[in-house]
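**Student:** So you can see what is in the structure, the chains are spelled out below.
4 protein chains.
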Amino acid sequence: MSDRRVGLWLVGALGGVSATAALGLAALRRGLTDTTGLVTATPPFAKVDLDPFDRFVLGGHDIRRGSLTQSVRELHERANVFDETILRACQADLDAWTQNIRPGTVLGSGPAIIKLAELPEAHRAARPREAVEKVQADLRAFREAHRLEQVVVVNVASTEPPCPLDERFTTMAAFGAALDDKRPLPASALYAWAALELGFPYVNFTPSLGASFPAAIELARVKRTVVCGQDGKTGETLLKSVLAPMFAARNLRILSWVGHNIFGNRDGVVLDDPANKASKIRTKDQVIASIVGYKPQTHVSIEYIESLDDWKTAWDHVHFRGFLNTKMILQFIWQGCDSLLAAPLLIDLVRLTALAQRRGETGILGHLACFFKNPMGCQEHDFFRQMALLERYVATLAE
Amino acid sequence: MSDRRVGLWLVGALGGVSATAALGLAALRRGLTDTTGLVTATPPFAKVDLDPFDRFVLGGHDIRRGSLTQSVRELHERANVFDETILRACQADLDAWTQNIRPGTVLGSGPAIIKLAELPEAHRAARPREAVEKVQADLRAFREAHRLEQVVVVNVASTEPPCPLDERFTTMAAFGAALDDKRPLPASALYAWAALELGFPYVNFTPSLGASFPAAIELARVKRTVVCGQDGKTGETLLKSVLAPMFAARNLRILSWVGHNIFGNRDGVVLDDPANKASKIRTKDQVIASIVGYKPQTHVSIEYIESLDDWKTAWDHVHFRGFLNTKMILQFIWQGCDSLLAAPLLIDLVRLTALAQRRGETGILGHLACFFKNPMGCQEHDFFRQMALLERYVATLAE
Amino acid sequence: MSDRRVGLWLVGALGGVSATAALGLAALRRGLTDTTGLVTATPPFAKVDLDPFDRFVLGGHDIRRGSLTQSVRELHERANVFDETILRACQADLDAWTQNIRPGTVLGSGPAIIKLAELPEAHRAARPREAVEKVQADLRAFREAHRLEQVVVVNVASTEPPCPLDERFTTMAAFGAALDDKRPLPASALYAWAALELGFPYVNFTPSLGASFPAAIELARVKRTVVCGQDGKTGETLLKSVLAPMFAARNLRILSWVGHNIFGNRDGVVLDDPANKASKIRTKDQVIASIVGYKPQTHVSIEYIESLDDWKTAWDHVHFRGFLNTKMILQFIWQGCDSLLAAPLLIDLVRLTALAQRRGETGILGHLACFFKNPMGCQEHDFFRQMALLERYVATLAE
Amino acid sequence: MSDRRVGLWLVGALGGVSATAALGLAALRRGLTDTTGLVTATPPFAKVDLDPFDRFVLGGHDIRRGSLTQSVRELHERANVFDETILRACQADLDAWTQNIRPGTVLGSGPAIIKLAELPEAHRAARPREAVEKVQADLRAFREAHRLEQVVVVNVASTEPPCPLDERFTTMAAFGAALDDKRPLPASALYAWAALELGFPYVNFTPSLGASFPAAIELARVKRTVVCGQDGKTGETLLKSVLAPMFAARNLRILSWVGHNIFGNRDGVVLDDPANKASKIRTKDQVIASIVGYKPQTHVSIEYIESLDDWKTAWDHVHFRGFLNTKMILQFIWQGCDSLLAAPLLIDLVRLTALAQRRGETGILGHLACFFKNPMGCQEHDFFRQMALLERYVATLAE
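Chains as they are written, first to last, in the working numbering: chain S, 1 to 399; chain X, 1 to 399; chain G, 1 to 399; chain A, 1 to 399.
These aren't lab readings, by the way, just hints derived from the structure by calculation. Bear in mind the structure is a predicted one, so any value in this text is a computation, not a measurement. Hints are supplied without guarantee of correctness; some may be wrong.
One copy or two, it doesn't matter: identical chains are merged, so the pair holds either way.
For lysine-lysine, the following DSSO-like pairs were computed, each having C-alpha atoms within a straight-line distance of at most 30 Å [said to hold, decoys possible]:
#, residue 1, residue 2
1, Lys115, Lys223
2, Lys182, Lys223
3, Lys182, Lys47
4, Lys327, Lys182
5, Lys182, Lys115
6, Lys295, Lys115
7, Lys115, Lys47
8, Lys295, Lys47
9, Lys223, Lys295
10, Lys223, Lys327
11, Lys182, Lys295
12, Lys47, Lys223
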């Protein structure tokens, strides 16, 4: 048992979240940092059979050149995070894992992402099927080279434009046929399909499509694997899902909720494209109405401000009406470092997903809703009700 | 049943919260305003046998001259709240209820409150027993004049200095003896004693002592009545009890939590006295450590800024540590009108307290913890866990 | 001299700024309010021969039905401003001035404004010349009916889309010819032309074109009258022009300046149209670079949030670099009532413009730059340098 | 001329400001950083004969053990400032300058500072005269060892409690006599006296007394040297002196101005003592009334919050009244790193003070008011009027 090894395959392996997760796992296994930020390190999880940090081997796809070390160094210099000591102590791990990174595909990613692709191989696939097969070959080689018992595939690539679901997405058969078609399919769906077909769990940390369509969920069940997503709930939306229930409980009427987000990392460059931004805003904007049961005026904006780099800053202005028609205001300002908020959640999700697969669960893991802006298999957006779901799940494990 | 009448006796009847509750009840019974702000008007309470708004008769004690109409007019002019139309339509009710206001006692209120007393009668009692008997005479006369089935006594008077509990507070017998002694007892405890001895429910909306001592709770049980308190959770502390659980759930380490409160109503004048302010800060400052299970550095200040009048403005700065030792910041600014936030909760509490007494409950109503900064009979400060307590109670009623 | 009467002609007479200016003038002449908010009531102006408040007669154009009383009542109810006492005492004045309001023209206003027009007369003019003549007829009738020595025309209508200047705007002759052409001209330019041709001063309180083109300035000189503008500097931009010089003086490098504005009055409805918003953002966005001498990343957004009504709320996030490459942050939140900030400046401008014309000045009044986001005849955006210009002008008057 | 060397003697040499100034000078002379943050590097100073950065030799007094390298490393680790590259490249300079640091005196510093003293020598002096002579011996040795043409003494030690001025401070003779007395004198005054008696310029960057008494100014004139102070204007007070003039110019009535400051560096530990804090709040609190000409309610608080370290965070809430009695709000949040804001101003002051002495100026340098919260020899607090004073001085130099 102690020899069991679990693969963590990162789609978007050189991005800030991936690099931070890699550095974090290296630092945790070396005892150089504590478990702050990890939900799975809180008391309710104390007796759960989660994989320890030294069990993971990392690999992944990316469409850019570079290395994990370069990515963490860049974050260190631009966003002023990470201690020099930890960076040095973990470099060997990062360099070893960088060897497991393979060229990804941009087929169906949309023009904003395609612009970022530096590797010629990223552009090679002509039809979706080809791209899927290439991904699967990489995944199999990873599993074999490191003798991995499980491989969890996580999407942390840049956000794609929204993709309307047509009949191709409805069944395994229809999607299988579409893979041989020339009509483009979103890259995130191709990666998800590749993973699930191999029976690998798939975690979608982004608002891109990923496995959020009936055919993929059918495939997960058939292949006895699990999926969860969409879009990690790290900052402003987390606060929305925490504060909106307070207004509901106190019967204070939300008149308008304006959220203005600014940040300047590579994700921001992609989100500067209106098509890609639309995906993001969609998942951010539904939370409030879903919780309070009516639709106040909401406005969400996301702007790319280069100087902020990874420091996602949000100003939210909540205008609400209290007793006897009195208008009042709550404002908050969130200054959080995006990669550092996301990375521990990614590690949590990988641990919980690997566990679920080992336990024989299949399909959507709805009990992981608290991690996502737009949870699959769960209509609940109230953060504490979502937490209660997770706690009930954990309690079941203990029985 | 439709003829049943319930008395609402306000200690501090001419203050902003009382006057707003009076105006609100008048407006609600006349259909001039909606139930925004009332917890008991939310769906979970739909089938609970709560008193409708036209069932209440108001009266109370105060140590100042004035009328409910004057108090609401003053709030209207200084804090820019209430519609002219509602003010006019409700004036007759306010004038009728003003007839039920009697001079209170300042015995044991502390110098900051005594300074505010305008009525010579307020100073008359020489020993605690006399003050209690005077209060009881007023309460009995109120019940009889209006043929009330229940009278709920609510403390909304200005905050007293903290009162260390000695042996006099431990048993009914000891407190009974102390009433005949010359040593002062807190005025709020005298009012509470007067109410409970008559079998009237007692709600403590302030951080003053009220019924929060063993002898009073014993008395409540013996007289088959109920108590709840302390200190209505209306604004900044509500937010603390909503946000701290988020940090705990996400394993984000709170390094420091600074809360700076400014406001300028009459309560503020009293809180400008350091002794009285100490009571308030004590109840505001314990919430976070209780929720997260460790003691971050906290600072709470309350300053009297005249121009703000009833608009309590709070700036909170939460410094926290995330993954890989990264410090991040959440700040919020709350701009709420204190009386308008408190008054509907007061109405909620009166309805829920009268109900509990009718159902035969006695002693502390721990299920009302969500309404208080420092809940009696309940160690839970997490707002949503407190709400869950209340919801479970309501669910029991429906059975 | 004491009998001299000055006309104040408001284009957009039923808007919030106009209505507030009307109420303010009525209240000032009746001694019901003090001069807070009026720059011309500060000490440097003590000995300047400005028109007293009881000298003004109001009239104007609008494309909507209504009255000044309705407009101020609407502001009172929606934005919670103005005392009932003042509203009642001033109603007679407002009603009298409402008699002087005439249907305006929407010719060349752009679709967002045309949608608001309720009066059939507003749509009548076929060619620019007709519209100008109609406006002039109204202006002449106003002057004669009230025996006015001067009439100052002020543009406070909703913001038009930007208008690229072609050869028609270069000379009096060219513009004169264009008036007979079918090609549309911006409505604001037609009003300005109408006023100047009659020798009336023209104040442009909006970012619309108004008199900001060579032909109009030539006309002003020829007709011995004066112009000033554009776009009253009331809130967020005022702060930019105050704070940017501090960063420059201290050699702190501004990396990015994000300004997010939300508000919900009728101007906001028009600004919700991207074309009209473009004009506004243009004048708001040039201030910083002009002051600091380099171009930091800037972002200005304006969103229509209905619940805020006239309360323009701005959040500005200034990211700057200090010594040894250290990034720091200044944020501000401005909660100002737009009409109440603008109206006293409008009164200031009318007084100063009427004075300038009486003194024989002609053309652009560059010394009024401190009142405008995009000052005509002045490249200076630093607020205190602009104020110094005005103070030097006033000092000259005293000599 | 190129061989001229200027000494910079720092009282409080191991504090954050000193250490940052040292690192900054080392980095500037090596071309490793740009001049951002230095006022004397802006265009108006381009032709002024200021000492280049490589001309300075550093030394100083401190009462703690340590080195400049330790101090900058501590700041680097705790406040997350300074690049590793610069730290390494400058270490040799810091080590060399650390050799020039001598044990200071705590005589008359007050108990909060005395507690920090680690060096036994700091406690040695029995009478003020002894302390002065010890300081002068160190200063003379510094000048001789490095063959310095000028030595500027700068006070950046922790803030002392306020010191009421009695007759001892009125004349050189009286102060001379008091030096031989047993009654304590503030340490800052002893350092100032020591410097001035040697003819060295003295800059007081703190709110402590320093040279701000008639006898010291007389001494400066007699010894043909210069003084300036008090209390570097780096953050919140700078903003007050920038924003208050805007309210005055626009005739907006400030009702209340609340400033809440939090930070956690060593200065904060000393300011946690109410006596020392009183000095600081006094200089911070006078600015507004002095600028607007009336006294709005003001509140300034400073709290020690350890986790913030050198990041001084201020929340200011400005409540003001506009036209027609309308209350509005401006809030700002300042997140600045104190040492990084102060250090370049310290370098500016040393350059300008050395220049003034070379030019033969004596006594108070009133033209440096813009650098100070409580400027000596100048009643002006408006930042831009203060800047104009400095610009006029610089213009004079050019003539």
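**Student:** Against this structure, judge whether each hint is valid.
**Tutor:** A quick look at each hint next to the structure:
{"no.": "1", "hint": "Lys115 <-> Lys223", "verdict": "neither (35 Å within a copy, 58 Å between copies)"}
{"no.": "2", "hint": "Lys182 <-> Lys223", "verdict": "within (26 Å within a copy, 71 Å between copies)"}
{"no.": "3", "hint": "Lys182 <-> Lys47", "verdict": "neither (50 Å within a copy, 59 Å between copies)"}
{"no.": "4", "hint": "Lys327 <-> Lys182", "verdict": "neither (55 Å within a copy, 48 Å between copies)"}
{"no.": "5", "hint": "Lys182 <-> Lys115", "verdict": "within (21 Å within a copy, 46 Å between copies)"}
{"no.": "6", "hint": "Lys295 <-> Lys115", "verdict": "between (37 Å within a copy, 26 Å between copies)"}
{"no.": "7", "hint": "Lys115 <-> Lys47", "verdict": "neither (46 Å within a copy, 48 Å between copies)"}
{"no.": "8", "hint": "Lys295 <-> Lys47", "verdict": "between (41 Å within a copy, 25 Å between copies)"}
{"no.": "9", "hint": "Lys223 <-> Lys295", "verdict": "neither (40 Å within a copy, 48 Å between copies)"}
{"no.": "10", "hint": "Lys223 <-> Lys327", "verdict": "neither (54 Å within a copy, 42 Å between copies)"}
{"no.": "11", "hint": "Lys182 <-> Lys295", "verdict": "neither (40 Å within a copy, 46 Å between copies)"}
{"no.": "12", "hint": "Lys47 <-> Lys223", "verdict": "within (29 Å within a copy, 48 Å between copies)"}
Hint check: violations occur at hints 1, 3, 4, 7, 9, 10 and 11; the rest are consistent with the structure.
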